[in-house]
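In order, the protein sequences belong to chains A and B. 38 is the number of the first residue of the first sequence in our numbering; add one for each residue after it. 7 is the number of the first residue of the second sequence in our numbering; add one for each residue after it.
Hint data in this document are derived by calculation from the structure and do not stem from the laboratory. Some hints here could point you the wrong way.
Claimed, not checked - List of simulated lysine to any residue pairs, SDA-like, C-alpha gap at most 25 Å:
{"no.": "1", "chain 1": "A", "residue 1": "147", "chain 2": "B", "residue 2": "268"}
{"no.": "2", "chain 1": "B", "residue 1": "348", "chain 2": "A", "residue 2": "109"}
{"no.": "3", "chain 1": "A", "residue 1": "141", "chain 2": "B", "residue 2": "255"}
{"no.": "4", "chain 1": "B", "residue 1": "348", "chain 2": "A", "residue 2": "288"}
{"no.": "5", "chain 1": "A", "residue 1": "141", "chain 2": "B", "residue 2": "133"}
{"no.": "6", "chain 1": "A", "residue 1": "139", "chain 2": "B", "residue 2": "349"}
{"no.": "7", "chain 1": "B", "residue 1": "133", "chain 2": "B", "residue 2": "42"}
{"no.": "8", "chain 1": "A", "residue 1": "109", "chain 2": "B", "residue 2": "231"}
{"no.": "9", "chain 1": "A", "residue 1": "147", "chain 2": "A", "residue 2": "165"}
{"no.": "10", "chain 1": "A", "residue 1": "141", "chain 2": "B", "residue 2": "346"}
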Amino acid sequence: MSKVKHQGRREFLKTSAAAAAVTVAPGVMLHTLSAEAAPRTEAVTDKVRWGMLIDANKCADGCNDCVSACDKENGLDLVDMPEGADQGLWERQRPRWIRQVKLKDNLSGKITNLPMMCQHCEMPPCVDVCPTGASFRRADGIVMVDRHTCIGCRYCMMACPYKARSFIHAEVAEKLTHAPRGKGCVESCNLCVHRLDNGDTTTACQDACKHQAIVFGDLSDPESAVSQALKNYPSVQIRADLKLNTGVRYSNI
Amino acid sequence: MKKTHFSEWGIESPRYWGILAVLGAIIAIAGVAVFYMEHSGHWVTGMTNQVVWGLPHVFAIFLIVAASGALNVASIGTAFDKKVYQPLGRLSALLAIALLAGGLAVLVLDLGQPGRLLIAMTHYNFKSIFAWNIYLYTGFFAIVAAYIWFMMDHRMKAWYKPTGIFAFVWRLLLTTGTGSIFGFLVARQGYDAAILAPMFVIMSFAYGLAAYLLVLMFVFKVDGREIGGVLLRRMKNLLGVFVAAVLYFTLVYHLANLYGTENHAYEAFILRDGGIYTLLFWGGWVLVGCLIPLGIIYHPGMGATRGGIIAASTLVILGGLATVYVIVIGGQVFPMAMFPGKTIVASGFFDGVNGQPMLYSPSLPEILLGVGGVAVVLLLTFIGIRMLRFLPTTLSDEVADPHYSKS
Ligand code: SF4
Ligand code: SF4
Ligand code: SF4
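Turn these sequences into a full structure, and let the hints guide you.
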């Protein structure tokens, strides 16, 4: 049922051929279209700027697939509630890199769904305020935390306009080798950096989205799927007034 | 005006050690609380990913702000050449150092990784106001320590005044820096106000003087030293001026916010609909912290009594804690405006669904840590005055008042 509806909406929306190119089999498209990610041994360069376009119209009500995928990919599902913790409080303490948000327009009542994660700002306030430089922005646009120099002051969390960051409130017994985490440090979405550094060109959330709401790729490459999509559709930055030049953009909100 | 003599705090040993033991016990309990929080992780506190700075930050910021204000008494004596205040300078500087040490201890022990303090000292991000504050704090210790030395050592008299002025400027920078920690958080509506930094300076004057008065009156009382009415009246009136200034800045802060449409929602939250935060604002910040102390200070009867001054100073401190609580916690629980013109009706990360504020209630270990910081301040102060000559032997009118004449 929802699939049929979805198809209908897509027919309605997608009038240009370029759009179809983006939506059809995005995994395949992105592999072929986006710039080659630097292999492990090479230094990260600013020739690439990783980014995303999220189409809120395609993001389906009630779907949580990107969130589960990110949890699994980055080991967030391995963070267990400590024994004796209060369930309600723990829900507000457990880490989350991506979340579903449902909006209602105050005038029209229109409902919009969208995923929110670190927006990978070009001028990231979290990096500006971090006293030790643990919060940093890579040349390729990825903003992340160096787990070894983060002192857990949480100033970056105060500064982030998108509430994108999580503090690790408890000991983590089990972790993935590519996503180490430790109690008392801050972390957030790193655009699945371990994938990109291994030559992959997709993120887990994007792969998981059955509705192709997330297009990921190299913003510096005019031919990449994400650049093409940005060129063809109106898109916005959330809190554009702050002039952070985010790497994650949205359309149809 | 007679020459002032200084001496060590002379209370009997059992009493002195008794006071130290009580403070030591409070600090030990706080230590256990810290160990518990650091060992378990922050899940045992009330802090969450929404309210990331909790009660320890409230205490830490209060103490750091008061530290710079406590130095005021010395500054008035040195930088502004008010001779009456000069005998008070040594204790003022000592208390300033102790307050800063207590505040920083709380701040550091609430870090997610306090063991990495060395990293904080060796890895600097010069764009970060927080990193600058580390310089401001270290510098404050050094400058005020030198200031105390030059006050005590007559051979260094030539340095006394320049150092005093330097310390005065430095402390203004320090409080501005502390205020700017919030000023840089443009994303949060409660903090997006240029007036916050100067407001922190004026708050520091009031809290620092209130703390100074309480400590001064206590250590003099138990030691049988005399404080003359003239001096007390002067300081009391000064406190009145500072508290009135806090009230004035509060008014300007909220009026300025009400003027800008984008801040209406935040103002409505703090002033009207914020539940505990509204209560703390009107009841704590305004009433207990400003109006009642002003009433006592300027009351012709009560204002002249020692009890009145003690009550007013205590209320200023309690109100000050409420003020910092409203600023630090209230500013965080108010949902950030990410989607203007839209209401968040559901969220997987507590984004202020339907404009609801975030939840926060401090846990016991957090309270213990904060109180432990206060105990550190008193402990350092008492040890200092016991070991070195910080206290004038008397502050009676005969000694302190330049216009005093035996009639
Ligand atoms: S969204 Fe937040 S965490 Fe991500 S780069 Fe921007 S300020 Fe930093
Ligand atoms: S919590 Fe860590 S990453 Fe964030 S500002 Fe502090 S040191 Fe930097
Ligand atoms: S890009 Fe990767 S890390 Fe970021 S939200 Fe998506 S799955 Fe999570």
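Now for the hints, and whether the structure bears them out:
1. 147/A to 268/B: 23 Å, holds
2. 348/B to 109/A: Distance ~31 Å between residue 348/B and residue 109/A Cα, so the pair is violated.
3. 141/A to 255/B: Answer violated: residue 141/A to residue 255/B is near 37 Å, above 25 Å.
4. 348/B to 288/A: Roughly 15 Å separates the two Cα atoms, so the pair holds.
5. 141/A to 133/B: Distance ~38 Å between residue 141/A and residue 133/B Cα, so the pair is violated.
6. 139/A to 349/B: 8 Å, holds
7. 133/B to 42/B: 34 Å, violated
8. 109/A to 231/B: 69 Å, violated
9. 147/A to 165/A: 36 Å, violated
10. 141/A to 346/B: Judged against 25 Å, a Cα distance of about 11 Å means the pair holds.
Violated hints for the displayed structure, listed by number in ascending order: 2, 3, 5, 7, 8 and 9.
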